[in-house]
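Participant: The primary structure of each chain is shown beneath.
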Amino acid sequence: MAMAIKSNRFVHLCFLLFVVSTVLLQTTDGRSWKKRPLRQPCRNMVLYFHDVIYNGKNAMNATSTLVGAPRGANLTLLYGKDNHFGDLAVFDDPITLDNNFHSPPVGRAQGFYFYDMKNTFSAWLGFTFVLNSTDHKGTITFGGADPILTKYRDISVVGGTGDFLMTRGIATVNTDSYEGDVYFRLRVNITLYECY
Amino acid sequence: MAMAIKSNRFVHLCFLLFVVSTVLLQTTDGRSWKKRPLRQPCRNMVLYFHDVIYNGKNAMNATSTLVGAPRGANLTLLYGKDNHFGDLAVFDDPITLDNNFHSPPVGRAQGFYFYDMKNTFSAWLGFTFVLNSTDHKGTITFGGADPILTKYRDISVVGGTGDFLMTRGIATVNTDSYEGDVYFRLRVNITLYECY
Amino acid sequence: MAMAIKSNRFVHLCFLLFVVSTVLLQTTDGRSWKKRPLRQPCRNMVLYFHDVIYNGKNAMNATSTLVGAPRGANLTLLYGKDNHFGDLAVFDDPITLDNNFHSPPVGRAQGFYFYDMKNTFSAWLGFTFVLNSTDHKGTITFGGADPILTKYRDISVVGGTGDFLMTRGIATVNTDSYEGDVYFRLRVNITLYECY
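Residue numbers (my numbering), protein chains in the order written: chain A, 1 to 196; chain B, 1 to 196; chain C, 1 to 196.
Chain A with its partners taken away, still in its complex shape:
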């Protein structure tokens, strides 16, 4: 009889714990909004991609090209004024596992970027990692602001397909190397929180 009661109490205790944890999850942080605890990442990858910008002389090697520019600028060279404000480029860049441009690519980074600030170097990126290696088959699509001069900047993962179906997460990008207006290499640390 005592155990039966205990059992009944245990059930109630479980229910109580559930209610309490639910309430805790809804507790505000003093700023009148409710945060949920972040679960562990389900995946982390570091990849590099290499952008060789067309400059009128490197048609064979260039992996990106200007396709839009503001009035007064041209499509051969990045705009000399206003920190390239308004220059729009399309790219198809090799992705590698390390920082060596000549390493065998594991996929292509395809998308566009444009410079969007007059008083500093800043860009906006929309692109997809098309991965096709023994380790990964699928795509991850990214979008967001890229304040180029900041060492580490976060860009949103907005979708994915294949191995990365509907994934969500964040990419921390840093400029690993660059050569004037002709080459830059981005190191991308991708942390995913939803994997199916």
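Be careful, since some hints might not be right.
Where chains are identical, the list cannot tell them apart; a pair therefore holds if satisfied intra-copy or between any two copies.
Unchecked claim - Under the rule of at most 27 angstroms between Cα atoms (straight-line distance), these lysine-lysine pairs were calculated in the DSS-like manner:
{"hint": "1", "residue 1": "K34", "residue 2": "K57"}
{"hint": "2", "residue 1": "K81", "residue 2": "K151"}
{"hint": "3", "residue 1": "K35", "residue 2": "K137"}
{"hint": "4", "residue 1": "K118", "residue 2": "K151"}
{"hint": "5", "residue 1": "K81", "residue 2": "K35"}
{"hint": "6", "residue 1": "K81", "residue 2": "K57"}
{"hint": "7", "residue 1": "K57", "residue 2": "K151"}
{"hint": "8", "residue 1": "K137", "residue 2": "K118"}
{"hint": "9", "residue 1": "K151", "residue 2": "K137"}
{"hint": "10", "residue 1": "K151", "residue 2": "K34"}
{"hint": "11", "residue 1": "K81", "residue 2": "K137"}
{"hint": "12", "residue 1": "K35", "residue 2": "K57"}
Bear in mind the hints are in silico, worked out from the structure with no lab data behind them.
Based on the hints, put chains B and C in the right spot on chain A.
Facilitator: Below, chains B and C alone, put in the same frame as chain A:
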């Protein structure tokens, strides 16, 4: 003994409730698809951003500029035909807490829009709110169609970083004010349903 | 008394099952990442959209137009070299329930695409289905790489509004028909996994 049975029944009842609620969640609405109940928003914010369009005379003040246009148009002025169809602009607009252009900005709205209908004013937007104030540090990225002449239009929140890591939700946009083809101000009511 | 113990055991068994299933969900697949089981789709739709590309002669009928192109190309015709690399188009295409261009449209596909590979036909798409019929009212926004010559390619659903509020999922696209550089029709099989 009776209580033990009751306890056992309670466990079964819990399980039954779980099954029933699961089934209910999967009930179709007569259109052969299954909806989930929408949870409460975790955050709501109203912000304004101000777009000063370059028109050939306001280079100092302009916060956006044309970078693409269809054949026959130019990059100085919005295309006079077809409701600007094909005009593509890049912007870096101040965000304010109220509708005053001169209020201290709490961040920048950075991205692009293009006009995409011949027979009416309509646009497509891809942009990021880069917020950097005592209240918010982080980014929210938006994307979607903007039927400009509709009073309130919904645009998707597609990602976020920092305070808005992986957020999801909706932005209801309305044109708060405009002056010809030189200035417009959008009021953005952001409702977020996932906050970490 | 025996039943009371049994009941108690049942509670523990439930708890054990919960722990085991939680652990199982976190089991790696040998590649050091954790996958979650994919739930059933909440919705599936097949829609078609029709793109009539401006070519200098079809201004009346064209539903898309070039707004950007690389140096050496023009905005009247798709670039004759490099598989159109760098051509950027804006579109406002009718969406139909079947593959007939003249069927009553159920909405508009609005967005942009650009060609992004030199050595093959490949594109990147960002667009929104603006649906306005008795069956669907709302928008679905898509983004991602489109390797045109692959029969079926997956593009991410990155957001939605109205009936498709915050939806997530995948669109499997195939080129249902095309006529040179003037017309193409995409069949889009949309599978959604989150419906509110």
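Participant: Go through the numbered hints given earlier and state which of them the structure violates, listing their numbers in rising order.
Facilitator: Numbers 1, 5, 7, 10, 11 and 12 - these are the hints that the structure violates, sorted from lowest upward.
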